[in-house]
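In order, the protein sequences belong to chains A and B. Position 259 of the first sequence, counting from 1, maps to 258 under numbering that gives the first Met the number 0, and the rest follow consecutively. Position 24 of the second sequence, counting from 1, maps to 23 under numbering that gives the first Met the number 0, and the rest follow consecutively.
These aren't lab readings, by the way, just hints derived from the structure by calculation. Wrong hints could be hidden among the right ones.
For lysine-lysine, the following DSS-like pairs were computed, each having C-alpha atoms within a straight-line distance of at most 27 angstroms [unchecked claim]:
(1) K265(B) - K26(B)
(2) K265(B) - K120(A)
(3) K1(B) - K46(B)
(4) K265(B) - K242(A)
(5) K260(B) - K46(B)
(6) K26(B) - K308(B)
(7) K308(A) - K26(B)
(8) K1(A) - K106(B)
(9) K265(B) - K287(B)
(10) K106(A) - K46(A)
(11) K26(A) - K308(A)
(12) K87(B) - K26(B)
(13) K120(A) - K106(A)
(14) K46(B) - K26(B)
(15) K46(A) - K308(A)
(16) K308(A) - K1(B)
(17) K87(B) - K46(B)
(18) K260(B) - K287(B)
(19) K46(A) - K242(A)
(20) K46(B) - K106(B)
(21) K215(A) - K308(B)
(22) K242(A) - K215(A)
(23) K265(B) - K124(B)
(24) K265(A) - K1(A)
(25) K120(A) - K26(A)
(26) K242(A) - K120(B)
(27) K287(A) - K260(A)
(28) K265(B) - K1(B)
(29) K124(A) - K120(B)
(30) K106(B) - K120(A)
(31) K215(B) - K124(A)
(32) K287(A) - K215(A)
(33) K124(B) - K287(A)
(34) K265(B) - K120(B)
(35) K215(A) - K46(B)
(36) K265(B) - K46(B)
(37) K215(B) - K120(B)
(38) K46(B) - K120(A)
(39) K287(A) - K120(B)
(40) K260(B) - K242(B)
Predicted model, so just to flag it, every value in this text is computed and none were measured.
2 protein chains.
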Amino acid sequence: MKTRITDLFGIHVPIIQGGMVWVSGWKLASAVSNAGALGLIGAGSMKPDLLREHLRRCADATVRPFGVNIPLLRGDIQELIDVILEEKVRIIFTSAGHPGRHIARFKEAGCSVVHVIANVKQAVKAQESGCDAVVAEGFEAGGHNGLDEITTLALIPQVVDAVTVPVIAAGGIADGRGMLAAMALGAEAVQVGTRFAATVESSAHELYKQRIVEAKDGDTVLTYRNILPVRALRNPFMESVSKEETAQGMTRERMMELHAKGRERKGIFEGNWEEGEMEMGQSSGLVKDVIPAADVVVRMMSEYSSALKTLNSR
Amino acid sequence: MKTRITDLFGIHVPIIQGGMVWVSGWKLASAVSNAGALGLIGAGSMKPDLLREHLRRCADATVRPFGVNIPLLRGDIQELIDVILEEKVRIIFTSAGHPGRHIARFKEAGCSVVHVIANVKQAVKAQESGCDAVVAEGFEAGGHNGLDEITTLALIPQVVDAVTVPVIAAGGIADGRGMLAAMALGAEAVQVGTRFAATVESSAHELYKQRIVEAKDGDTVLTYRNILPVRALRNPFMESVSKEETAQGMTRERMMELHAKGRERKGIFEGNWEEGEMEMGQSSGLVKDVIPAADVVVRMMSEYSSALKTLNSR
C-alpha cells in the first residue's frame, strides 16, 4: 500500500503506533517498525538520559525507520531535542504546543516533522509552520485531547479539505475497519494508540492491559474538559474527578492538584486501579486480547482488505 | 447498491434522511424518497393532526417508500401511533425511549421498526425487543445525544459486532466520504441530518440554513451533558448555557427552565440567533451550500464512488 505518508517515512503499511507515556519505549516501537509500520517512542514520560537509552536500543533492535513523539510543553524540551538530534532520529512527532519555533532546527537536521492537531485552525497553522504532515486526532482518542471535542469522523474530511500536506487520522481506530474508514475520509495513514498499548511489547502494567481488554464501549470518560481534557477509563479516581467536575465545575488549580501526583504513571505503569489514570480511547471496546505488536499490524491489514472487499461487493 | 437496509425498505440507495424537528416535513421527506433514498417525517415537533396532514401530503407527493420518526417520550404517543397506523405508514423510526411496548402493535400492522441507540447495550435491547434494524448515533450528531458520548467511529463497529440486525450509522456524516467510512465500519446505510437540514425543501428558517453553511468545525457545543445532552450551534444562548454548566454544573430543574420555552422552534423554525437552539451536528463544517435534497443524494453517491475508487487505487 502506497500513500504520501508511506513515502515520507519509507514504511510498508500506513500504520503509525502512537507515542504513549509509560507504554511505548524501544521494545514496542522497534517491534512495530520491524513489522513494516512506524513505531514511535513516547518521550513524554522520559527524562533526557532515559530517552537517549531508548533511542539507542531502538536503533539496535530495528533497521527500519522509527520516530519519537515529544510534548512541546516540557520544561526540558531543548534538552530532549538535543538528545533526539544527537541520536540522529529523523522522524519527529510533536504534540501539546506549537512546533513553529523548533521547525528550523529539525529541518536543518533533515528531519520529517509531524504535528498533532485537533481542529482545522491548528492544522493550517502546522502546515504554515512547515510541518510535513499532521496527525488529526478526534475526541474518542485516549489521553490528552482537544478542547473542541471534534470527533475523528467529523474532523478528518474537514482537515483534508483545508490543508495540502498529508493527514494521519487518530482517535477511535483499533482495527482494519476503522483504518479503512479513516482512509475513506481522505487520511493517508492512521495513528493507533490503545490497540498497541495492549500488546506484549507495551511497557505498561499487565493489569492496565487487561483493563483495556475488558473495557466496554462506554467505559472511558473525558475529564478536565475545559482546561486540558484527558480521556481515561472510568476507574474510582476518574469517576470521582468526573463527578466533582459535573457537580461544581473544575478550576486549573484544582486540576493541577488532582492530575499531578504521577497519576498516569500510577495507572498505566504501576497498574493502580484505585488511584491512577488509566488513559485509553473509546476504541478499547474493540480490543479483545493482548498480542504481539506485529500481529496487530498483520491483523489490521487483513481486516482492512476484507472490509474493502465487502465495500466493493455492494 | 444493495444492503439489507435497501432490501428492508425497498430503496435504491442506502441513505436515510434523519427525522428532524421543524425541518423534515412532507416536502423534505418526499423529495428525499423521490430521489431513491428514504425520507423521514420528524413527528417530534407535530401535534397528531398536523402529523396526519404531513403524512397525507407526503403520500401524495411520492410513490416511493417514506417513514416517520417518533420520540417515544411524548405524552401523546398513543395518539401519534394511531395516526401513523391509520395513515398506513409502514416504516417507523423510534427514538428517545424504549420501543418494547409498542413493537407488537407496529408488527401486527406490518411495519418495519428501527430504533435509534447510542451504545451497545441499547442496541442489544432494541434487537431483543424485535426491531428490524438500529440507527447507531454518535456523539457528533446534532440535537439530542447519548449520555455515553461514544463517537460514530468507535460506536459502529462495536454495535455491528454485538447484534445481527443491520446497523444504520448516524452522526458526523454529510458527504460521500463519511458515508463510505460508515459502510467500511460495517454499517449498511447512513442516516444524515444536518446536510438535509440545509436543503431547499427543509422547512427550517433560511437564517438557520445559512448558519449551517457558515459553521466551522468547532462551532457546535454539547450542553445538558449529564441530563439530556443536546448538540447545537454556539450561539449566544447556547454559549451562556454552556458557560453556566461549566462553571457550576446543571440540574434537571435548571435544564427544564432553560431548554423549554420553545428553544428549538425559536432557533430552527424562527431563525432566532440570540435566543433559540440551532441544533446541528459537527458535520455542519462540511456543508457549504443550500441545495435541493435530490442533489444531496446524487452528490453523496458520486463522492462515495470517487472515494471508493481512491481506496482501490492505493
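For each hint, the structure was consulted:
The hinted pair formed by K265(B) and K26(B) meets the criterion: a straight-line CA distance of about 21 angstroms does not exceed 27 angstroms. About 31 angstroms separates the Cα atoms of K265(B) and K120(A), which puts this hinted pair outside 27 angstroms; it is violated. For the suggested pair K1(B) and K46(B), the alpha carbons sit about 36 angstroms apart, so the restraint of at most 27 angstroms is broken. Taking the CA atoms of K265(B) and K242(A), the gap is about 33 angstroms. The hint is violated against a cut of 27 angstroms.
Restraint check for K260(B) and K46(B): the C-alpha separation of about 17 angstroms stays at or below 27 angstroms, so the hint holds. Proposed proximity of K26(B) and K308(B) is contradicted: the alpha carbons are some 34 angstroms apart, above 27 angstroms. Of the pairs offered as hints, the one joining K308(A) and K26(B) is violated, with about 37 angstroms between alpha carbons and a cut-off of 27 angstroms exceeded. With a C-alpha separation of about 50 angstroms, the suggested pairing of K1(A) with K106(B) is violated against the 27 angstroms cut-off.
As the CA atoms of K265(B) and K287(B) are separated by approximately 23 angstroms, the hinted pair is consistent with the 27 angstroms bound. Between K106(A) and K46(A), the direct Cα distance comes to roughly 24 angstroms. Compliance with the 27 angstroms bound is thereby established for this hinted pair. The straight-line distance between the Cα atoms of K26(A) and K308(A) is roughly 34 angstroms, outside the 27 angstroms bound, and the hint therefore fails. A hinted pair counts as satisfied when its Cα atoms are at most 27 angstroms apart, and K87(B) with K26(B) qualifies at roughly 19 angstroms.
Of the pairs offered as hints, the one joining K120(A) and K106(A) holds, with about 23 angstroms between alpha carbons and a cut-off of 27 angstroms not exceeded. Distance check on the hinted pair: K46(B) and K26(B) sit about 17 angstroms apart at the alpha-carbon level, within 27 angstroms; holds. Our distance criterion of 27 angstroms between C-alpha atoms is broken by K46(A) and K308(A), whose separation comes to about 46 angstroms. The suggested pairing of K308(A) with K1(B) holds, with an alpha-carbon distance near 14 angstroms, which does not exceed 27 angstroms.
Among the hinted pairs, K87(B) with K46(B) is consistent with the structure: their alpha-carbon atoms are about 18 angstroms apart, no more than 27 angstroms. Our distance criterion of 27 angstroms between C-alpha atoms is broken by K260(B) and K287(B), whose separation comes to about 31 angstroms. Under the criterion of a C-alpha separation no larger than 27 angstroms, the hint pairing K46(A) with K242(A) is inconsistent with the structure, at around 34 angstroms. Restraint check for K46(B) and K106(B): satisfied, since their Cα atoms lie roughly 24 angstroms apart, inside the 27 angstroms limit.
Pair hint K215(A) plus K308(B) does not hold up; C-alpha atoms about 34 angstroms apart against a cutoff of 27 angstroms. The suggested pairing of K242(A) with K215(A) holds, with an alpha-carbon distance near 20 angstroms, which does not exceed 27 angstroms. Pair hint K265(B) plus K124(B) does not hold up; C-alpha atoms about 35 angstroms apart against a cutoff of 27 angstroms. The hinted pair formed by K265(A) and K1(A) fails the criterion: a straight-line CA distance of about 40 angstroms is larger than 27 angstroms.
A threshold of 27 angstroms between alpha carbons decides the hint, and for K120(A) with K26(A) the separation of about 35 angstroms lies outside it, so the pair is violated. At most 27 angstroms may separate the alpha-carbon atoms for a hinted pair to count; K242(A) and K120(B) meet this at roughly 23 angstroms. For the hint pairing K287(A) with K260(A), the CA-to-CA distance comes to about 31 angstroms; that exceeds 27 angstroms, so the pair is violated. The hinted pair formed by K265(B) and K1(B) fails the criterion: a straight-line CA distance of about 40 angstroms is larger than 27 angstroms.
Using a Cα cut-off of 27 angstroms, the hinted pair K124(A) and K120(B) is violated, with the two alpha carbons roughly 41 angstroms apart. About 50 angstroms separates the Cα atoms of K106(B) and K120(A), which puts this hinted pair outside 27 angstroms; it is violated. A distance of roughly 16 angstroms separates the Cα atoms of K215(B) and K124(A); the hinted pair therefore holds under the 27 angstroms criterion. A threshold of 27 angstroms between alpha carbons decides the hint, and for K287(A) with K215(A) the separation of about 10 angstroms falls inside it, so the pair holds.
Distance hint between K124(B) and K287(A) is fulfilled; the C-alpha atoms sit about 22 angstroms from each other, no more than 27 angstroms. The suggested pairing of K265(B) with K120(B) is violated, with an alpha-carbon distance near 34 angstroms, which exceeds 27 angstroms. A threshold of 27 angstroms between alpha carbons decides the hint, and for K215(A) with K46(B) the separation of about 39 angstroms lies outside it, so the pair is violated. For the given pair, K265(B) sits about 17 angstroms from K46(B) by alpha-carbon distance, which is consistent with the 27 angstroms threshold.
Between K215(B) and K120(B) the CA atoms are separated by roughly 33 angstroms; this puts the pair beyond 27 angstroms, and the hint is violated. This hinted pair does not check out: K46(B) and K120(A) have alpha carbons roughly 43 angstroms apart, beyond 27 angstroms. For the hint linking K287(A) to K120(B), the alpha-carbon distance of about 18 angstroms falls within 27 angstroms, and the restraint holds. Pair hint K260(B) plus K242(B) holds up; C-alpha atoms about 20 angstroms apart against a cutoff of 27 angstroms.
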